[in-house]
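For the record, the sequence lines run as chains W and A. Take the first sequence: its letters are residues 1127 to 1512, numbered as in the numbering used here. Take the second sequence: its letters are residues 1127 to 1512, numbered as in the numbering used here.
Certain hints may be false.
Pairs involving identical chains hold if they fit within one copy or between any two copies, as the list cannot separate such chains.
Under the rule of at most 30 Å between Cα atoms (straight-line distance), these lysine-lysine pairs were calculated in the DSSO-like manner [unchecked claim]: (1) Lys1150 x Lys1169; (2) Lys1168 x Lys1466; (3) Lys1453 x Lys1354; (4) Lys1354 x Lys1208; (5) Lys1169 x Lys1184; (6) Lys1137 x Lys1150; (7) Lys1492 x Lys1509; (8) Lys1453 x Lys1168; (9) Lys1492 x Lys1142; (10) Lys1305 x Lys1363; (11) Lys1137 x Lys1448; (12) Lys1466 x Lys1169; (13) Lys1363 x Lys1448; (14) Lys1492 x Lys1363.
To be clear, the hints were calculated from the coordinates, so they are not data collected in a lab. Since the structure is predicted, the reported quantities are computational estimates derived from the model, not experimental observations.
2 protein chains.
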Amino acid sequence: MNNFNLHNPTKVLFGKGQIENISKEIPADAKILLLYGGGSIKKNGIYEQVTEALESHKVIEFGGIPANPEYSVLMEALGIIKSENITFLLAVGGGSVIDGTKFLAAAALFEGDSPWDILTQNIRTEVGMPFGAVLTLPATGSEMNSGAVITRASTKEKYAMGGPGLFPLFSVLDPTVIKSIPQRQLANGLADAFVHVLEQYITYSVGADLQDRFAESVLQTIIEVAPKILKDPSDYKAASNFMWSCTMALNGLISQGVPSDWSIHMIGHELTALFGIDHARTLAIITENHYLHNLDDKKEKLAQYATRVWNVTEGSIEERAKAGIQKTTEYFHSLGIDTKLSDYTDDYEGTAEIIATRFTERGWLKMGERGTLTPEDAASIMKMSY
Amino acid sequence: MNNFNLHNPTKVLFGKGQIENISKEIPADAKILLLYGGGSIKKNGIYEQVTEALESHKVIEFGGIPANPEYSVLMEALGIIKSENITFLLAVGGGSVIDGTKFLAAAALFEGDSPWDILTQNIRTEVGMPFGAVLTLPATGSEMNSGAVITRASTKEKYAMGGPGLFPLFSVLDPTVIKSIPQRQLANGLADAFVHVLEQYITYSVGADLQDRFAESVLQTIIEVAPKILKDPSDYKAASNFMWSCTMALNGLISQGVPSDWSIHMIGHELTALFGIDHARTLAIITENHYLHNLDDKKEKLAQYATRVWNVTEGSIEERAKAGIQKTTEYFHSLGIDTKLSDYTDDYEGTAEIIATRFTERGWLKMGERGTLTPEDAASIMKMSY
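Sequences and hints are given; from them, build the entire structure.
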């Protein structure tokens, strides 16, 4: 096990009826900017619950944060934060709204030339504006971590950012919201959280037995709840396990003391930036071929995964590893998610070269848990995934 | 899954060489009271590492906190905190030293008549003095939770206490300390952490699938590392998994959204108070018969435990449940821990009645996860365990 520092100060309020408790978590004299996305919260009752809980607080609203939180839209919100002297941010939405809010929490206190530098220069945020979240879409884990991914449409780019100052002060996780989520987004969440775990688990062993078992626990739970959730999103037990699994998949616990990969995400982000494909689906496109391309490096962990998570008990390490990869692809298909780029666009030729060039330009020359994955490797994986 | 609020602000510094980083976690102008136990830290090199890390800080020492942190000893330390205007407490030791430090963190700011009231009147500590910990003995999980157990020799009593103000600001977990721990205490830690998980897991199902799997993960990991640790405590991989499992067994994660029992601890504490038997060994005395006595209420969870943790796949629910109980007893024996009260004392007659009377006098009439365990049940379990 590698050394690690773990510090996750986010307070989780989990369960039915927890939205009403946000009033106690936000200072009574706060001036709140309530941030949300496309307006689904006004249809599913969340908006009413939030505004009712905050009836004694000063609240200004900012809606319209898009599915990939867009820099130019967020810059509008930043203007309001400054002109209205906002003191507290409240994200009500999924990962995009929470990520966008994290960017704002960082940008509001940023003292450099332009908030864009936070993204392009990879500047860690040690202290951000205080903010909380009401989660409406389980998937990204953003509700209990300090990372975010921001998109800039004008340059078709996505950048990751973060820092210890960007943990939500609190996050409400009420599983009853799941019944109003469209099937497509439920499937996305089930795929997204699954790959989050894989990125922190399918690497190489450092003898961190407990972290391995926790990762496997999240994967097994997601696999079990996936058909139940897709069949009946109002199944509260399944919804609870789905929601909590998504949070635990990326709240920093299972990654402690172990290597992480994140190459699937790095390549996948480019597909969202280039083609607008849903984040989770870009991961499903890349996963199989990333693991096939890097089979030699990852086969021990893949075989362990196949055995413990998918009950594959027969065969050599390599055979079990390949069976695990195949099971993963079947899992995506069971969610109704296609796993080839050509399923999403006819305009895929040249994508591999574009991605390799971008990675090279950014200096992303040594990716993966061993730092051996090159832009050329990324291009090969991409071509395999057409 | 039941509703829950999770908030664990403790920062964990895990791994080799982390002790030197405590200087950055304690304010430079702090006046520190360094608390420790019987002096083993002066033999195993921990004391030197801690004092070297704090060479620029003002430090006063208070040693001699006994294995069950004793009220009268702690009151001496409280006098020093007040007379010396101490601003930060640093516990260097195992669960007893950390628990004692938590009591002091509470007592130092307590405004009632006597700090004893914190224990007897079950007063939650919302705000305590700031403190950190350097863990030298994995077992209790005290390094990452907000609870403590305090003993008063003059009345032969043990009381639990806690509150959100009693999380350590930081805890150092350096697995290299394990090589200097005597076998007896290693065995105690391996038993103690195991029963901590059982108390939060062997109840009844509320459909919290992920919490179940996390609990099983901790149990499986402890079972796997136990023989390795006992054979070679300098095995760093095994020591790391042992240490992290003990912390995760009782840092509040696996108990979220599920019922907890804690009856084994309630009865066990009396055996320590009455006979001075090591805490972990009292748990081993009670566990088997607690589960046999409450088999009807707990058999589903016991059967799941037997199957998932011990690979017991044959038999009815009741048969598998009993097999799980038997495996648990065998596990204690594999650690060299006896499981009958008569293995520890010849003076056991009447113990059941004493415990039942104490519970009745304290109003502990409805224990266990269903609130159905009476003082008479406790007496029956105790008699079965002679």
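30 Å Cα threshold - placement of Lys1169 relative to Lys1150: within (25 Å within a copy, 49 Å between copies)
Identical-chain pair category, Lys1492 with Lys1142, by Cα at 30 Å: Only across copies: Lys1492 and Lys1142 sit 27 Å apart there, 45 Å inside one copy, limit 30 Å.
Intra/inter-copy verdict for Lys1137 and Lys1448 if alpha-carbon distance must be at most 30 Å: Neither: 40 Å inside a chain and 39 Å across chains, both beyond 30 Å.
Identical-chain pair category, Lys1492 with Lys1363, by Cα at 30 Å: between (42 Å within a copy, 28 Å between copies)
Up to 30 Å CA-CA - Lys1509 versus Lys1492, copy category: Result: close within a single copy only, 19 Å intra versus 65 Å inter.
Up to 30 Å CA-CA - Lys1150 versus Lys1137, copy category: both (12 Å within a copy, 24 Å between copies)
Lys1354 and Lys1208: within-copy, between-copy, both or neither at 30 Å Cα: neither (45 Å within a copy, 59 Å between copies)
Homo-oligomer pair classification [Lys1448, Lys1363; C-alpha up to 30 Å]: between (33 Å within a copy, 28 Å between copies)
Same-copy or cross-copy closeness of Lys1305 to Lys1363 [CA-CA at most 30 Å]: within (12 Å within a copy, 44 Å between copies)
Within, between, both or neither, where Lys1169 and Lys1184 count as close if Cα-Cα is 30 Å or less: within (23 Å within a copy, 59 Å between copies)
Intra- versus inter-subunit Cα pairing at 30 Å for Lys1466 with Lys1169: neither (34 Å within a copy, 62 Å between copies)
Intra- versus inter-subunit Cα pairing at 30 Å for Lys1453 with Lys1168: neither (39 Å within a copy, 54 Å between copies)
Hints 2, 4, 8, 11, 12 from the earlier list are contradicted by this structure; the remaining hints agree with it.
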